[in-house]
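Need the complex rebuilt from these two chains, each delivered in its own frame; the hints are there to steer you.
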Amino acid sequence: MKLSYLADLGKFVLWQKEVFRKPENWGMYYKELIRQMYDIGIGSLPIVLLIAIFLGAVTVVQFYYQMEGTLIPPYYIGYIVRDMMIIELAPMVTCLVLAGNVGSTMAAEIGGMRQKEHIDAMEIMGLNTSSYLVMPKLIAAAYVVPILVCVAAVVGITGGYLASVPSGLFTQAEYVQGLRAFFIPYNVVMMLVKSVTFALILVSVSCFQGYFVKGGSIELGAASTRAVVFGDIMILLADYFIAVVLTT
Amino acid sequence: MIRAEGIFKQFGDQEVLKGIDFTFEAGKTNLIIGRSGAGKTVLLKILVGLFAPTRGRVWFNNIDYTNLDKKGILAIRKEVGMLFQGNALFDSMTIEENIRFPMDMFTPMTAKEKLMRVDEVLERVSLGGVNPKYPSEISGGMQKRVGIARAIVLKPKYLFCDEPNSGLDPKTSITIDELISDITNEEKITTIINTHDMNSVMEIGENICLLKQGKLAWKGNKDQVLNTDNEELEAFIFASPFLKKLVEAAKKNGATSLENL
Ligand SMILES: Nc1ncnc2c1ncn2[C@@H]1O[C@H](COP(=O)(O)OP(=O)(O)O)[C@@H](O)[C@H]1O
Ligand SMILES: [Mg+2]
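So the sequence lines, in the order shown, correspond to chains A and B.
By this note's numbering, the letter at position 225 of the first sequence is numbered 225, and the numbering carries on one by one without gaps.
By this note's numbering, the letter at position 14 of the second sequence is numbered 14, and the numbering carries on one by one without gaps.
Chain B on its own, in the form it takes in the complex (with noise of 0.2 Å):
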């Protein structure tokens, strides 16, 4: 479990979190959601401790993360793993190359055993082979599966992933999301995903939260969506027309949930 308690933060005079208080909950797969500019990624650089935030407090389990010394700091980080925006994989590594680097780093594992843990995890991420590859000679779709692998690969408690579908095609978008909620159940990770995606919210939204300019205007699952009153969520997930119409339509013929929609 992670808990942001009273989270602050300003940029020069600009007040970019205003006060977010939320708990992400334990192997499920949280999200938080909201209009680009709402501070979604400013929030979760403070989860992960990339940026102080300048009142409240980051809590991993029972340990107050944004007090931490240098050296609780990376011992928490052992246990993290991130996907980030533009991936950041190393471009002058190979595929391979930029998964086995966490297990070079931090494992005393033999070449052997790291070179069959990256199979194993290009594996589970459908890319069985494209060890030898550049970064820069795949596709987007499958920059962002090798981002997953290296975050896994060490096995890590929690999992953040900074907008892990912006720049892809809706399809490619839904098997992304697929892939990290499945791995999140498998490995009973504690997920964090930024995302400004709806189709996301409704396919894998366990636990959301729904940041507007700085401040968390709601929060709840991927059921309670439809059947909210709160004009800001509906202002996110309904801003094409037409899908308002759509689920307008199926209320009135009695949905209820979004498994007889």
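Same shape as in the complex, but just chain A (with noise of 0.2 Å):
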């Protein structure tokens, strides 16, 4: 069990070369991307507004009902929801959802096209499957994917604000002070630099399990989990690493 990891391990490093090769057509490689591009970024859109929204929003209420009879003044509250919508909740949460969504999707659509000998008949045309299938996704999310969590992120503050201002928690002042509070460029760097990654991470994997798929529908069914617990797994370790390197 444990080998048959380091042998897909291995597999999937190797793989890497087929999938970086030169496309035959260029034309046909951005027709992909764009269509990509475009269900990545549009399809995915509502569950990620959506689930940030509500991040910024619980956030807010959280921290409020933790700090309220202290003296932390309540600005902190907008520097807070910033920073922690910057650096980890935009990046990961969308990252993880989007595995789940974008990650079973590319497995079970890959897969499928292996299983219905779809691969094979454009092998025999004399097309590199790998490359075709994969890299305009993988360079359709490393580009819409960071863009999603810049959205993310700003959603997420405004959720927050439409969850604090409103009912009175504290002023719209106090909130624009915290935003605008003790902020560091830096820490967006590191908000791209997690989205990049996760993109790469998520769809790579994904990819992964769809083509090498084997057997029937269950097995489908499988390789399109695998892909979402794998994904997350990666993803998890992935933003430990970062958060390891670019903060010392």
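Hints were generated in silico from the structure; no laboratory data involved.
Don't be surprised by glycine CBs; every beta carbon is placed ideally from N, CA and C.
Relax, there's no trap hidden among the hints.
DSS-like cross-link-like pairs, simulated, lysine-lysine; straight-line CA separation at most 27 Å:
1. B:K18 / A:K214
2. B:K157 / B:K114
3. A:K22 / A:K11
4. A:K214 / B:K70
Under 8 Å between C-beta atoms, here's a sample of chain B residues computed to sit facing chain A:
5. V48
6. L74
7. K78
8. V80
9. M82
10. F84
11. A88
12. F90
13. P102
14. D104
15. M105
16. F106
This is the structure:
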């Protein structure tokens, strides 16, 4: 069991050589790239927005509850929400959601193509399927996911505002003062590094699970689940390592 | 010409092919026949390079296909068309997009030229006008034809067909067989067909190899089929007792070949 994971890891690493081969036809890759950008971006926007707005709202309410009656000034809450969203919540939660949403779809799509011999048919035509089916998805995700994460951060902060100011927890001036306090631009860099890394992880893990699927519909379902589980685990691990590397 | 030289293939500890030597002749309709599970699909996939043989080589004329680098493999594949057992039509594309796909990918043709070529091959397989339909909206026989159309759209030198008439009624099977055979002759393609259908054998078999449990059990052409005393071949061809009786009766009346049966 353990050994088979190692074997998969080796297969995955060797496979990257095929994935990054020069495209046969830039136009077709470009078309696929645009389709993927649309699918990833527009397709997962609603769920990302929904989750982000509640993340921000809950963060504010919970921190207010903890800090009420202490000497910490209320504007600190704006500062806390901003940094939590930017540094951690927006990139990680968005990408965990995308791993479940986009990742499982990609695994199922590519796995279905493998099982229905579509991949074989393309190979016979002389196409390098590893690169045609994976590279546009990787590039699309590397562009679109950071945008989604930025949107999530902004929406999350807005969610925090909506949950606090109208209900009178503190004033708009206090919240905005918090948002503008102690701002470190480097944190945004950290957010972008995380988004791109997580995007590449979730796409390549999912495509790998789909591309090498065997058997029938049960195996396809299992591959799709594995794509999400492994994707999530890898994202969490990467989150930790990036945190360690970029903060020391 | 495609030559299989000492092909062995093992999956785990199951030896599926046990040393196949056979030459598939240029410009002819070559058949690989045998019962279900004999190893036909595996042999065909080794010939086109979807499986690597455990031992042995595949030659495309003078090129050793088994030991080519990726670039060489892609170059040969541009000359290969294949019809899959399950058709392998891209189901979220229309028929037109399916047939256009190889041209989109590999040729600098203009949109108009592509459309003309799509119409031309669809016309060739008698399916003019189905362009906007999706694969799921047409019958199994029509899907086979679309598969053939897509396989020949780039004018391949080699055409591979895995069970082109599985799942079709006898009449449709025969039209598909004839279509493949006619295209082979018109375009001087080297065609290799996998089949377990003995109608195909009698109709279009110009060069036949019979596989039995991973071994070559017989080779010859459709005219030699009747006059053979090879037991394996008889067991395969005359699996139906009715047919066996018919042919025996015909032979008694002096028939010596397919033509005067
Ligand atoms: N990918 C594979 N992995 C393991 N065994 C296989 C594989 N493909 C085919 N086989 C085995 O090879 C044998 C021959 O299969 P096949 O070539 O599909 O037969 P057929 O002559 O009906 O086309 C079968 O026993 C099958 O179980
Ligand atoms: Mg078969």
